[in-house]
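Produce the complete structure using the sequences and hints provided.
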Amino acid sequence: MNPIQWATSPWGQRVPIHIAWYLIWVAAIAGLAFLIFHAIWIRYFAKPEEFATTAPGSGPRYAIPEKIQRHSLAARLFHWVMAAAMLVLLFTAFLPKVGVRFSWVTYHWIAGLVLIASIIFHIFHATFAMDFWSIWPDKIDLVDAKNRALIMLGKSAPLPRRFAKYPFENKMYHLAIVFAGLAVACTGGFMLFRIHTPFLTRNPYLFSDMTWGMMYVLHGLAGVGLITLITVHIYFALRPEKLVITKSMIFGTMDREHFLEQHDPARWDVSEKPPSPPAPATLESPLIDPERGTV
Amino acid sequence: MAVIRDVMPDFELFQPASTDDAVTLLADYGEDAWVLAGGLDTFDWLKDRIKRPKVLVDLSQISELHGVNETADGLEIGAMTTLTEVVRHPTVISKFKLLADAAESAASPQIRNQGTIGGNVSQDARCWYYRSGFPCYRAGGNICYADTPVGMNREHAILGADRCVAVSPSDSAPAMVALEAQMVIRSSRGERVLDAENYFTNPGIDITRMTVLKPGELLTSIRIPNTWANTDFYFEKVRDRPVWNFPLVNVASAKVVSGGTIQRIRIVVNGVAAHPWHLAQVEAAITGMPANEATADLAGNMAIQGAVPLRFNGYKLPLMRNLVKRAIRGTMEA
Chain A
1 MNPIQWATSP
11 WGQRVPIHIA
21 WYLIWVAAIA
31 GLAFLIFHAI
41 WIRYFAKPEE
51 FATTAPGSGP
61 RYAIPEKIQR
71 HSLAARLFHW
81 VMAAAMLVLL
91 FTAFLPKVGV
101 RFSWVTYHWI
111 AGLVLIASII
121 FHIFHATFAM
131 DFWSIWPDKI
141 DLVDAKNRAL
151 IMLGKSAPLP
161 RRFAKYPFEN
171 KMYHLAIVFA
181 GLAVACTGGF
191 MLFRIHTPFL
201 TRNPYLFSDM
211 TWGMMYVLHG
221 LAGVGLITLI
231 TVHIYFALRP
241 EKLVITKSMI
251 FGTMDREHFL
261 EQHDPARWDV
271 SEKPPSPPAP
281 ATLESPLIDP
291 ERGTV
Chain B
1 MAVIRDVMPD
11 FELFQPASTD
21 DAVTLLADYG
31 EDAWVLAGGL
41 DTFDWLKDRI
51 KRPKVLVDLS
61 QISELHGVNE
71 TADGLEIGAM
81 TTLTEVVRHP
91 TVISKFKLLA
101 DAAESAASPQ
111 IRNQGTIGGN
121 VSQDARCWYY
131 RSGFPCYRAG
141 GNICYADTPV
151 GMNREHAILG
161 ADRCVAVSPS
171 DSAPAMVALE
181 AQMVIRSSRG
191 ERVLDAENYF
201 TNPGIDITRM
211 TVLKPGELLT
221 SIRIPNTWAN
231 TDFYFEKVRD
241 RPVWNFPLVN
251 VASAKVVSGG
261 TIQRIRIVVN
271 GVAAHPWHLA
281 QVEAAITGMP
291 ANEATADLAG
301 NMAIQGAVPL
311 RFNGYKLPLM
321 RNLVKRAIRG
331 TMEA
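Line by line, the protein sequences are chains A and B.
All residue numbers for the first sequence refer to our numbering, where the first residue is 1 and numbers rise by one.
All residue numbers for the second sequence refer to our numbering, where the first residue is 1 and numbers rise by one.
FYI, nobody ran anything at the bench for these hints, they're computed from the structure.
Don't take each hint at face value.
Listed next, the stretches of chain B that the computed footprint assigns to chain A, with coverage defined by at least 3 CB atoms under 8 Å from CB atoms of chain A [to be verified]:
1. 65-71
2. 145-155
3. 202-211
The calculated lysine to aspartate or glutamate pairs, modelled on EDC-like cross-linking and capped at a C-alpha distance of 16 Å, are [as the list claims (entries may be wrong)]:
4. A:Lys-97 <-> B:Glu-31
5. B:Lys-54 <-> B:Glu-76
6. A:Lys-155 <-> A:Asp-131
7. A:Lys-97 <-> B:Asp-206
8. A:Lys-165 <-> A:Asp-131
9. A:Lys-67 <-> A:Glu-261
If you want the ones that stay clear, here's a sample from chain B, every Cβ over 12 Å from chain A, calculated [as the list claims (entries may be wrong)]:
10. Asp-20
11. Pro-53
12. Ile-111
13. Pro-135
14. Glu-283
Since the structure is predicted, the reported quantities are computational estimates derived from the model, not experimental observations.
Ideal placement from N, C-alpha and C gives every residue a C-beta, glycine not left out.
Next up, the structure:
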């Protein structure tokens, strides 16, 4: 039951070659077990979620719109392109291992390239065009997560605050996907040197057997981890109470009602500023004369 | 690595007397079971300790797997029929000389006396990296040692390689594909019949196997229909020595020529890919054309389209081209 398969290299060195394939089933069963447990918990045991009232003076500065922009078009396109690439990668990687035989390598590396490209786009887009820190857990998230856990266990604790743009679970899921996704993308990128592609010179001796072996193991572990993560993700996307979030990933917006119920306007400012009155002409704000230029 | 030779390892030996018993055993032991036919491929693997099955299912006692039987549609050859029996069978000689020639070109007389037709078509790759126990793709690893900048790949694939570049070393397999044979496969779930062309797999689909046989399945017989009986056959094998060696490249073809025009033709080349390479596009292109030198040239040049030689096997391109040309001509003249 060794989770890693080892072999003896031509030079007598004991090297890892890849994960043991039973881990595919472990990951799939873990994902299914989680969703069954969660569904039972929500149906029979979970209490309605309660939040602390928003602190006075921390409310929206301006009016909250009827529809709140949650995901830009670029962010949504990235998500769905990455989702398609990820599903192709998982199916082409693991279906042949469980007995569904087809010629999978070409589909796999093309989808891998799409994934790598989409990740690079996302890193730049999130850094320069989005609120970069909004997806990372902060101190308030951790304190509130602890309080929610204590309340769930029947102990007394202060009520948690409403969420910022992303609920804590979203942030933790994103963190897990970041680690697993980067692991498969980086190792997969190097693996392109092991196969024939139109744009890379094949070089199987780029690394030592041990390094390659570790790379294959990491690729496999992250890959089977993604089976669990994506199973859980699809499950949450389809849960009735999460459909608002799922729809926002399709249409980009969520309703004001849901926003006020779940999110803290002080932590996620979505208010629309009223249009500013025209500024009076002063020496500090030069007027533009269309005929003569700056005056 | 091969460290112990000539000493058999421990395994449990079963010698079933019927096909039913054999498939039951194979179903019971699954991937732990190894089918023993003539033993010529098996014993190398076992003595070198590279394959370590827990159970050997010896088919030698199953009489229903032996022999060549004439049927209304052609011939049915039991998988345990020896190559010598196939070569000497009068109907094989009279109607399917292509198969007799192909089987007779395999190995040496002693080996053909022991080796079976089922084992010959199903035999594993002869890549020495794989045979030496290196952890290559075919052995479940993550590299092809033959397809590296320093790999010795003189005998390896020029077509259809996908990570692994090993080739099918069978002489009878291309003849089976050329004759549109059907492979009868039994398992505890029943019987399935496959065209010979679909019996062989490629590394893109299953990099650890040469055939589609799964654990628990057994090739029981090969049916050869009368479709190509008594047509013009051509078989030629090029190897390093006149006897015993595996093919560098071989070609098997059957054709019907009428009034100097090719009416229908099957051409299959082996030793160039992981499975017998059926030249269906070449066949389509030259059907209806005159059986002459120009057509032979066209076929030869078409046959090697898409071939990608490795460092040491570029010679296989002109070899394959010329063998196809000779198959069209029906003569071994240069």
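Hints, one by one, checked against the model:
1. 65-71: Check failed, 0 qualifying residues.
2. 145-155: Answer holds; 4 residues pass the 8 Å Cβ test.
3. 202-211: That given contact holds, which follows from 4 residues of the segment 202-211 of chain B lying within Cβ reach (below 8 Å) of chain A.
4. A:Lys-97 <-> B:Glu-31: holds, 15 Å
5. B:Lys-54 <-> B:Glu-76: violated, 32 Å
6. A:Lys-155 <-> A:Asp-131: violated, 35 Å
7. A:Lys-97 <-> B:Asp-206: Status holds; Cα separation ~10 Å.
8. A:Lys-165 <-> A:Asp-131: holds, 10 Å
9. A:Lys-67 <-> A:Glu-261: holds, 14 Å
10. Asp-20: The assertion about Asp-20 of chain B holds, with a minimum of 25 Å to chain A.
11. Pro-53: Holds, since 18 Å exceeds 12 Å.
12. Ile-111: Given that every Cβ of chain A is farther than 12 Å from that of Ile-111 of chain B, nearest at about 29 Å, it holds.
13. Pro-135: violated, 3 Å
14. Glu-283: Holds, because the least Cβ-Cβ distance between Glu-283 of chain B and chain A comes to about 23 Å, which exceeds 12 Å.
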